[in-house]
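Colleague: Chains as they are written, first to last, in the working numbering: chain B, 197 to 513; chain Y, -19 to 496.
Everything labelled a hint here was simulated from the structure, so no lab data went into it.
Owing to the predicted nature of the structure, the values given are computational and were not obtained by experimental measurement.
The reader is advised that the hints may include incorrect statements.
Claimed, not checked - Calculated lysine to any residue pairs in the SDA-like style (CA-CA distance at most 20 Å, straight line): (1) B:K495 - Y:Q451; (2) Y:K391 - B:R480; (3) Y:K431 - Y:E444.
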Amino acid sequence: MDENGAIRVLRQRDREYPQRLREIPNPPKELYVLGRVPEEQIPVVAIIGARDCSEYGKYVASGLGAALGHSGIQVVSGMARGIDGIGQEAALDAGGSSFAVLGCGVDICYPAGNRRLYEKLRTGGGILSEYPPETPPRPGNFPPRNRIVSGLSDAVVVVEAREKSGTLITVDMALEQGREVYVVPGRVTDPLSSGCNRLLKLGAGILLDQGEFMEELRQICEKKGLRVEDEGAAEDAEQEDAGLTEAQSALLAERPELMAVYRALDFTPGSVEQIRGRLPKQYREEQISVHLIRLCMEKLAVQVSPGQFCICRSTFG
Amino acid sequence: MYSTVVSGALLGVSACLVSVEVDIAQGLPGFSMVGSLGGEVKESRERVTVALKNVGLNLPPKRITVNLSPADIKKEGNAFDLPIAAGMLEAMGYFRPGAAEGILFLGELGLNGEIKKVRGVLPIVREAVSKGIRQCIVPAANAREGAAIPGIKVRGAGHIRDVFRFLESEEGEEKERLLPAEQADSAELSVRGDRESMPDFSQVNGQETAKRAAEIAAAGFHNLLMVGPPGAGKSMIAKRIPGIMPRLTQEESLEVTSVLSVAGLLEEGTALVGERPFQSPHHTISQAALVGGSASPKPGIISLAHRGVLFLDELPEFRRAALDSLRQPLEEHRIHICRSGGNVTYPSDFMLVCAMNPCPCGYYPDKSRCSCTVPQIRKYMGKVSGPILDRIDLCVELQPVDLPGLRKERKAESSREIRARVQRARQMQMERFAGTECRFNGDIEGTNIEKYCPLGREEQELMERLYQSLQLSARAYHRILKVARTVADLEGAEMIRAEHLLEASFYRPSAEYWSV
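Kindly produce the complete structure, drawing on both the sequences and the hints.
Modeller: Written out as structure tokens, the structure reads:
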């Protein structure tokens, strides 16, 4: 096949055509592939969500993508800006494989800003589309491609979605195709989580804890007779990432002021003035800004914009 | 009869002396003027004729020729009426030949003989002093301005009749009394420098980070960018920056006053300007109005902001061409303008303070309130040209002020307190840069950075880690060092310490916010 990076066409009668897609209503007649298609025997999870995601969304998506990639579970999504791309990239970076389903020809990198991810996907997974090469990304192409995203997966995870969101189309398709849907809850005041919370009210699966989710995923997959890697891998990932590194803990223990500022951070980006409001009165703004930059340097905080900071951790759960 | 008197013409913010020659000879009656004259100078013929007639001095029906020399310099402005009239009176023999010798004349005449204020008195008088002239007669409204220059007797005149009487009277006390010399008041600068009416930082509650950035910017003459939603207080802070900047030195004050004088914007009766200028042009401003020049060059807003603050509110709304024209002045601290009317160089050493919203709606990155799409934000940010952002040393983001912030438990610091610290930092910089081109840390060139911002071993290691973890560019690295130098100066510290570097990094402008 594609030793030289050629685009292949898979038709339904081809052996390689994904079995999962044969099961769904209205399967794509042709599937153009750059790279590989998902392995039949290994579970596939779709990570989907808003393009303009928040720091919280980024954090959850990358943590989840990394955990899935680490335990060898394949991640599929739409390679969009925001949650989709972040989840996929995290999975690839953790050594897993990931697959993107595009709304244009597989030879076109859309959105262009995800060029780096596109290149990684060619080697670390695959890029799929039901549209022939050179098809431009028309808006009408995207809702139908969402059925392939959910069709290819065993479970769909919605990380962040507004009340009116393309992500919800994917969820509808997933339910129609009989796929499990998991949703990451958000605050009720947060517009970027309103779609998610709505789905939860409708009875979607709730993703609270990474370990728990992996366990449930394992059960689903075992029912389907899929090969799931040893528990150890997932556990390891958690052990390694949940807390701080030794150097980080040592630094925080050594400097109580730094620790206090670190404790005042959370996932909602906050300004120096807001952070100061959570600290004892003797902290002055100049000191706080100095501590914040040091936390950024130690990868304990992220400077989201010139004046806003939030906490930085590589996984959750 | 032939006569000659001295006057002056402007060349940018400098000046050159012009000798006004008048000749009255037998021949067909007529009045001609030569010497590369601008429109308003040519009109001077009518003004002088009528003004002299109205004080009862009719021109003789003879052949009158006026020449302004050197003939190859374009003469513009309204200041040649009085010297021409004075030369005419001498040529007509109304007073003894030589009575007007060694006196510089400047002034516009009204048809009734009144002498009106003119532009550029300060630079012309300055030039005259350097050429050895010890006496001048200028419009009464400009007398104090001229008197700011030591070494010359500046007499203010309100009417051509007074000038005539002065010239015809004999030397002595009586003559002195006719047109008394204006006293240069050396205390004036400092008195006017006291800003009772200036807006004060004590009126700004909250926004401590932005205030701190303004303090650092003022102390080191660093360019500052403020990003924040509407109503966060960006303009309020910008307006208060001149009030915490170090006081103008005598030399700086002369420069500022010269530009104002050339632009004709000096208030009547002002001697030297003691306050740093603050210019805040509207974003629809044209390139010519910003940098200066029209057919005949005039100082633009950037020159009027010389030694002070140029505040560009709503930065992305400014025309690209106008913003890009700031590149040379930001680099070289002066602007060279070439127009059909001549080539001039104006000073333009200003501190650039910009303000902008982070996105079209103003609330990015607050995702719960911002309704802009990423392409919209990118387009908005993209309007600000990279080369301008490259010249910004400090960037600060302002948050909307909430009610508790407005009713702050702490009393906001006053401009006077902040300025005391700034003044100390200024003192350290003056010592550091003595005998060099640099005046402030903001002027440090990349090649001199290691000389002026030396780091200890520990600090060097910290900077290397910052360089990697914050993914700095070489330019950003230098900027952090310059700003850290100022932070250290504010504290009175000889050496740059770790916390200075960290605080400077906090305010670093980062390209990543512009690529969303």
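Colleague: Each hint needs a verdict: does it hold in this structure or not?
Modeller: Tested hints:
no. : hint            : verdict
1   : B:K495 - Y:Q451 : holds, 12 Å
2   : Y:K391 - B:R480 : holds, 14 Å
3   : Y:K431 - Y:E444 : holds, 18 Å
Figure legend: structure checked against the earlier numbered hints; every hint is met.
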